[in-house]
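*Asks:* Taken in sequence, the protein lines are chains G and S. So the first sequence is residues 179 to 432, counted in the working numbering. So the second sequence is residues 462 to 725, counted in the working numbering.
What the hints contain is simulated information worked out from the structure, not anything from laboratory work. Quick caveat, the model's predicted, so the values are computed rather than measured. Yeah, the Cβ is synthetic: ideal placement off N, Cα and C, and Gly gets one too. One should not assume that every hint holds.
Unchecked claim - Distance condition first, Cα-Cα at most 20 Å in a straight line; then the derived EDC-like pairs of lysine to aspartate or glutamate: (1) K304(G) <-> D344(G); (2) K432(G) <-> D675(S); (3) K432(G) <-> E715(S); (4) K387(G) <-> D376(G); (5) K284(G) <-> D344(G); (6) K304(G) <-> E246(G).
What the hints assert, rightly or not - Far from chain G, by Cβ distances over 12 Å, these chain S residues were calculated: (7) N623; (8) S709; (9) G721.
To be verified - Okay, the calculated bits of chain G under chain S, using three or more residues with CB under 8 Å as the criterion: (10) 348-354; (11) 387-401; (12) 414-427.
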Amino acid sequence: MSAFAEDCLRGRHILVTGASSGIGKAAAEQVAAHGARVALVARNSERLEAVRTSLPGEDHTIHQVDLEGVDTAAVAVAGIAKANGAFDGIFYSAGATLVLPVRLLKDKHLDETFGAGVYGAFGTLKAAAKKGVMNDGGSIAVMSSVAALRGRPALSAYCAAKSAVDSLVRCAALEFAPRRIRVNSIRAAAVETPLHHDYMASIGPEATKDYTDRHPLGFGQPEDVGNAVLYLLSDASPWISGVNLLVDGAAAVK
Amino acid sequence: MTSQETVSPVHPVFRDDCFAGRTVFVTGASSGIGRSAAEALSRHGARLVLNGRSEERLRETLGRLSGEGHTVVPGELTDADATAELVKTAARDHGPFHGIFHAAGNFAVRAIKVTRQSHLHQTFDASVFGAYGVGRAAASPKVLADGGSLLLMSSVAALRGNAALAAYSGAKAAVLGLTRVLALELAGRRVRVNAVVASTITTEMHWKTLENADMTHVDANEARHPLGFGAPAQMDDAVMFLLGDASSWITGAEIPVDGGYSAG
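Pulled out of the complex, with its shape left as it was, chain G reads as follows:
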């Protein structure tokens, strides 16, 4: 049973990006289960519609949006707010992983990783700073990773993207504080999403053991991140802003 009261987000309008699968989908389900009206954003409208119909509650909306650029993301997010009402909360979880050594990195790889992962987050926060997009006292949580703190071979683009997001969050927290809008990130380690299972299937037994050993409390569940999202988007954390919250089962400690 959830530790959170079932109506703790009643009356709140929350934007969730990357909502068609994995962590974003689980978070959308959790905020909806706690009373929020959710604006679901992803690239694939069919999968979004499936998520929408599965959510508890009414009036959730879906928006097929490409978040690859700062300006396009800002325009899209502002447009959703204009059509459906200002947001009280945003969970930004769009982004892609890339495994590639530095020596092979090209512009297109960085564009892919930084597109939705970084530029889309900048665009979403840019929109949030505008009048009528975010209500005063609202809260924004951006998905980050322990990769922002610890290096891994062949993960430089992903690690750098997550570091960028963590820095963005700290600066935006300062800029938005006069309106009491809070901005935080969640630094997760490996969470058992479909993507994670694909990754595990692609590596050998030795790498599997090494990866597992790096997680003292085991891999996380999407709900673990969802609980942190509830904490950060609800009234439980009104004095927490500019924080990169570790939700990682002590992975960063090792």
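Using the hints, position chain S against chain G.
*Replies:* Below, chain S alone, put in the same frame as chain G:
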């Protein structure tokens, strides 16, 4: 206020029974953050075992708790061994615990040129040696049950330098080091260990330190908090989150609850 609407009215965030059937041990429960957190936990169904130096003040806290079955275990936390014994005895009589919040600790402002060993003891005894003792006791399932949560108090002073806070900064930084190692050592029992990195909370201790303070310094400090100073209630929810099931994959973390202080 701008022309924009603010978010809709506040609803209680945590289920009112989210600590039902749980026993939580709180140090520093005779005042401030410890007392406030104990009250909040009791309102959500927890049974509290309260530790503090003054039995009289602990009983005041006891009188403010909701629900039944709470108890007090007075005692000073001066070193690791005595603290471990105190916590083990409390657990034998009233435990095992499902959560421990080690809120005891002293704040002191003192320039390094006049900081003596005795002052270091005042600052390190409860905050650091007490935390080691609590941690040692918590390593036993008879004290902190499997899957339980231990929460220690650190401070933004562990992350940023401030003149005349050498002892306090060192003590709070030590807590962060301890937190990481305890998280690894206790992960096998799924016991979680985290530290709250707090900044200025307007407790009685805060008002007391203001009595002789230079107000321009206090104002400058408040200006460094983008969301202003905090109130004890804002710490309560962090304590409930980190001791409760919603954070069951969070361990070894230092969690700023600081009004944006450490973001800038």
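*Asks:* Work down the list of hints and note, for each, if the structure agrees.
*Replies:* Each hint, compared with the structure:
In summary, the hint linking K304(G) to D344(G) is supported, as the alpha carbons are separated by about 15 Å, within the 20 Å threshold. Simply put, K432(G) and D675(S) have alpha-carbon atoms about 43 Å apart, too far for the 20 Å limit, and the pair is violated. Restraint check for K432(G) and E715(S): the C-alpha separation of about 14 Å stays at or below 20 Å, so the hint holds. A threshold of 20 Å between alpha carbons decides the hint, and for K387(G) with D376(G) the separation of about 16 Å falls inside it, so the pair holds.
Of the supplied pair hints, the one linking K284(G) and D344(G) is violated, its CA atoms being roughly 23 Å apart against a limit of 20 Å. Distance check on the hinted pair: K304(G) and E246(G) sit about 14 Å apart at the alpha-carbon level, within 20 Å; holds. N623(S), annotated as away from the interface, keeps every beta carbon of chain G farther than 12 Å; the closest lies near 18 Å. The beta carbon of S709(S) sits about 7 Å from the closest Cβ of chain G, which is not more than 12 Å, so the claim that it is off the interface is violated.
A cut-off of 12 Å between C-beta atoms contradicts the statement that G721(S) is not in contact with chain G; the least separation is 4 Å. With 4 residues having a beta carbon nearer than 8 Å to a beta carbon of chain S, the region 348-354 of chain G meets the requirement of three or more and the stated coverage holds. Coverage of the region 387-401 of chain G by chain S holds [criterion: at least 3 residues with CB-CB distance below 8 Å; count 4]. Counting residues of the region 414-427 of chain G whose CB lies closer than 8 Å to any CB of chain S gives 13, so the stated coverage by that chain holds, three being the minimum.
Of the numbered hints stated above, those contradicted by the structure are hints 2, 5, 8 and 9, listed in ascending order.
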